[in-house]
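A.B. asks: Take a look at the letters that make up each chain.
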Amino acid sequence: MDKTEMLELYKQMVVIRLFEEKCEELYQKGKIGGFMHLYIGQEATGVGAVSARRPQDNVITGYRDHGIAIACGMTARAAMAEMLGKATGCCKGKGGSMHLADKNLRYWGGHAIVGAQIALAAGLAWADKYRGSDAVTLCFFGDGATNIGYFHEALNWAAVYKLPVVFICENNKYGMWTPIEKVSAVTALRQKACAYNIPSDVADGMDLLDVRSKTEVAIAHCRAGNGPYFLEVLTYRYRGHSMGDQRPYRTQEEIKKWQAEDPIGKFEDVMLKAGIPPAEIDKVDEEAKAIVLDAVQFAEQSPFPDNEEIWTDIYAED
Amino acid sequence: MAVLTIARAIATALAEEMERDPTVVVLGEEVAAAGGTYGATQGLYDRFGKERVIDTPISEGMIVAAAVGASMNGLRPVAEIMGINFAFLAMDMIINHAAKMRSMFGGQFSCPLVIRTTSGGGRQLAATHSQTFEHLFAHFPGLKVVAPSNAADAKGLLKSAIRSDDPVLFVEQATMYSERSEVPDDREFLLPLGKSDVKREGRHVTVVAYSKMVGLSLRAAAKLAEEGIECQVIDLRSLRPLDLEPVYESFKQTNRCVVVEESYRTYGVGAEVAARLYEDCFDYVDAPIQRVAQKEVPLPYAANLERYALPSVDDIIRAVKETLK
Amino acid sequence: MAEVVPMPKLGFDMTTGTLVRKLKQTGESVAKGEIIAEIETDKATVEVEAYVGGVIKGWVVEEGMSVPVGSPMLVIAEPGEAVDIEALTGKKATGATPTPAGRTATAFAPASTPTPAAAATATTPTGRVLASPVARKIATDAGVDLRQIAGTGPNGRIVKRDVEAFLKAGAPAVPQPVAAPVAAAPAPVPPAAPAVVAVPEDKVIPLTRLRSIIARRMAESTSTIPAIYLTLEVDMAAALALRQQVNAVLPEERKTSVNDFIIKAAALALRQFPNLNASFGGDKIIQKGHVNIGNAVAVPSGLLTVVVRDADVKSVAQIAAEMKAMVARAREGKVQPSDIEGSTFTVSNLGMYGIEHFTAIINLPEVAILAVGAAREVPVVKDGQLVPGVRMKMTCTADHRVTDGAEVAQFLRAVKGFLEEPLRLLV
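Protein chains in written order, with the working numbering: chain A, 4 to 321; chain B, 96 to 420; chain C, 423 to 849.
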């Protein structure tokens with residue numbers, strides 16, 4: 004990986020981190036409503052995996068979607084405006100935090116019904132395969148989603164029809180407030196892929212390069228027409244399941260232990276070792292700050308959607 | 096014009112649209128090699144091959160999910176859910192996803208897909224396999240719900256459904272597949288979605304029905320005509336969008352209305368039509384609007400019990416006369 | 423300071439006023455200039471504003487009461503102020519009449535003039551007339567008070583057909599015998615009467631709904647139909663003799679009238695002349711399949727046409743029984759829609775008043791009407807001899823657009839033929 008790309012991926016992670024910290028603040032100020040699930044701690048997973056895709060490849064995820072959206076190329080402006088429910092948001096203020104999407108980026112959205120995106124991914128991949136495209140679909144979901152019917156139906160389906168889907172399980176250890184070992188018969192979640200004869204691997208979610216290289220392998224497998232691939236990424240969410248979750252179910256020691264492995268700090272070390280001067284990294288930090296502040300300002304100044312906008316986009320003719 | 100069964104009319108519509116548009120694909124349980132449980136996809140597999148006519152696992156949620164995902168990404172899938180009873184297993188995909196994909200993402204995505212399914216009782220399949228609940232789907236904006244009452248309508252409406260850029264639930268009545276009628280050969284024979292159709296003219300009572308209940312209503316109307324009672328029978332054809340203009344027009348003359356549905360009356364189509372008439376045509380009401388529907392029990396197995404529970408021609412005649420008291 | 427508000431003087435010549443409506447109730451606060459009541463004077467109904475603000479402590483006049491100008495009407499005072507209404511006004515406060523918001527006493531009053539409570543109208547316990555919405559709408563549009571109409575729907579609900587029948591019944595096509603005496607003043611006018619004689623003032627009687635419909639329909643009939651009038655005399659001796667014979671063997675409730683024979687004779691003749699049992703449709707003539715004979719019946723509120731259906735196939739006795747029942751219902755104001763709907767030809771008989779001959783106005787959309795005079799004993803010339811005879815004159819008014827004189831003449835001859843050989847009416 005060259006230095007420019009390193010700085011670019013680092014910048015994406017910092018933008019995501021600062022963006023979400025800002026979201027936390029705006030949520031507390033009442034400017035963001037609804038459910039909001041933060042990605043802080045998991046940045047290397049989204050950025051690392053998405054960086055391995057080609058433009059024709061699809062990305063789809065669940066409701067913890069801010070990081071993936073930005074990794075796919077969504078501007079902080081479009082994302083923040085959507086967070087604030089503004090007409091300039093990526094979904095015109097109709098989707099909100101859990102439903103960021105941009106079709107032009109082949110980023111097919113955050114989908115807030117647990118596991119639904121796993122099933123939809125199979126459909127997206129089928130269309131590409133039917134057309135003879137070599138596009139691959141990257142499908143992100145949490146550990147909690149591996150217990151739902153969609154997961155099993157979709158893995159079976161994708162395997163039966165040899166669909167090019169990389170199933171990326173972001174195992175952040177908790178399904179809402181419940182540790183995965185309490186609700187899943189197996190804790191090495193990639194074991195579930197074995198039942199459907201889908202090859203799998205595991206990546207360190209705090210290590211961007213590991214996630215990226217293993218995703219590259221997965222994508223190559225799929226693009227070659229070998230059917231789906233399952234990648235389990237071990238990661239950790241620093242914040243609660245959603246805003247308002249005080250995390251009583253886990254200890255400060257546990258959080259601190261993971262924060263010591265912070266994916267951004269870790270990648271900074273990689274860049275320094277690669278000979279990137281600290282001043283350049285500082286410069287990127289400043290750029291990221293500016294991007295997020297600009298996004299907030301843009302979003303704050305944008306108009307709310309017109310009430311009559313409610314009648315649009317229900318049907319094709321609307 | 097050829098005289099076709101409803102099953103044949105559907106297969107014809109599918110074949111014509113598949114020929115016309117290579118993005119049209121068919122998937123479902125037993126739709127390929129077997130030609131469909133009711134023969135409605137007969138011949139498609141031989142003609143269009145395994146890439147376009149796909150036998151699926153018994154996996155209703157995934158059948159619809161595959162159709163939704165593929166439709167977002169450029170295909171026009173026609174998914175078959177063998178019986179509407181199993182659509183409950185795909186309810187999340189239909190209601191939470193297909194119906195909302197366009198609006199929730201600000202108009203970026205569309206789901207041009209058709210879910211064909213079979214509704215209704217009358218075959219001694221007992222409670223879980225005899226249900227009629229397409230109106231549940233019609234509750235949700237973003238979906239279109241269509242239910243033809245004869246072979247010609249089945250062809251014209253299905254072709255329009257396939258060409259529609261919105262998700263359409265296309266509901267066929269399970270006991271009607273072998274009913275025959277004249278069907279236009281025209282490959283551009285398209286009936287608009289969301290338009291009701293007057294199936295019989297009459298000035299005394301407006302009878303509103305859809306799907307199988309249209310036939311029952313027409314039989315009731317014929318008998319009533321012998322007594323000098325003329326019914327205007329209106330086939331809704333589509334539960335969403337719901338076109339009540341022809342109903343209003345008729346009701347303003349008849350001042351009386353009977354709504355016939357195969358499902359339960361509680362929260363049903365009759366409830367909706369009656370409420371709209373009371374809202375929009377209050378000054379034309381001359382008698383309480385009558386609803387003919389299935390008795391409110393899980394449909395039993397025994398033939399006599401099933402017959403007793405389902406709406407009949409006599410029920411419709413009684414209801415019409417009730418409005419004339 | 424408590425203020426006694428009197429019946430205001432709203433014109434130089436106003437002496438009394440009627441409190442039509444209180445717009446503020448006891449206990450309600452009122453601002454200066456706010457409308458508190460509607461007062462009816464001889465000339466108009468006027469809204470009255472409060473000239474002081476405060477709280478209404480009590481009304482001493484009931485709605486509907488007339489009181490002299492200046493007499494106390496209500497008391498307005500400061501909130502919380504103790505007021506002795508009787509001491510202030512010399513009157514007791516009227517019973518509190520709390521009126522629910524938006525439902526003032528007059529809001530549900532009938533839209534039109536008061537009417538005879540002839541029809542047995544079904545009402546709810548709260549007095550609301552049971553009527554379907556469309557019936558209510560048609561009645562409102564036509565200015566008809568629903569309480570005039572008897573409902574035939576479930577629970578006596580007034581339904582559309584009842585209102586339509588009621589409106590249709592208001593369009594009889596024959597002269598109005600009960601109205602005739604009003605104008606009957608053939609006596610020579612006395613020579614210029616001295617001015618001192620007390621002459622009753624002109625009286626203005628607004629048209630009832632029924633009367634205005636009669637007016638409109640009569641005018642429409644005479645102004646649109648080019649009518650011809652043909653009169654023929656009938657020898658009624660045989661018919662009267664036969665009727666006597668028949669009645670001798672019939673119980674009281676089935677005894678026949680001369681008119682029942684005429685209905686039957688007309689009905690049989692119409693079968694031979696379908697052009698007269700028809701209606702005119704602009705570019706077509708619609709000959710009716712049924713022969714339904716309408717019969718003008720005077721009722722207290724006007725005139726109704728009761729209908730003997732298929733009179734051509736009914737026996738005279740049956741016609742008699744039906745007519746008796748329908749006439750009785752009509753006079754009690756309890757006609758059923760079927761009593762008055764669907765006539766295809768009308769008979770009007772003023773024989774009971776001794777009228778010798780008259781012409782009638784066609785009952786739209788029919789084509790002809792038969793006006794029947796009294797059967798009178800007259801001297802007739804028979805075989806060169808003057809002998810007593812019984813003769814009756816009947817006059818047919820017919821629409822010349824549909825029929826011609828010769829056809830009407832033949833029709834009259836056919837009626838005459840049946841009546842002069844009345845056994846043909848019984849077989």
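Hints may contain errors.
Calculated cross-link-like contacts (lysine-lysine; reagent style BS3-like; alpha-carbon spacing at most 30 Å) [unchecked claim]: (1) B:K347 - C:K756; (2) C:K804 - C:K756; (3) C:K736 - B:K318; (4) C:K431 - B:K416; (5) C:K431 - C:K625; (6) B:K420 - C:K625.
No lab work stands behind these hints, which were simulated from the structure alone.
A.B. asks: Confirm or reject each hint.
C.D. replies: Evaluation of the provided hints:
1. This hinted pair checks out: K347 of chain B and K756 of chain C have alpha carbons roughly 28 Å apart, not beyond 30 Å.
2. With a C-alpha separation of about 49 Å, the suggested pairing of K804 of chain C with K756 of chain C is violated against the 30 Å cut-off.
3. Restraint check for K736 of chain C and K318 of chain B: the C-alpha separation of about 29 Å stays at or below 30 Å, so the hint holds.
4. The suggested pairing of K431 of chain C with K416 of chain B is violated, with an alpha-carbon distance near 61 Å, which exceeds 30 Å.
5. Restraint check for K431 of chain C and K625 of chain C: satisfied, since their Cα atoms lie roughly 27 Å apart, inside the 30 Å limit.
6. For a cut-off of 30 Å, the pair hint linking K420 of chain B to K625 of chain C is broken: about 45 Å separates their Cα positions.
The structure fails hints 2, 4, 6 (numbered hints given earlier, in ascending order).
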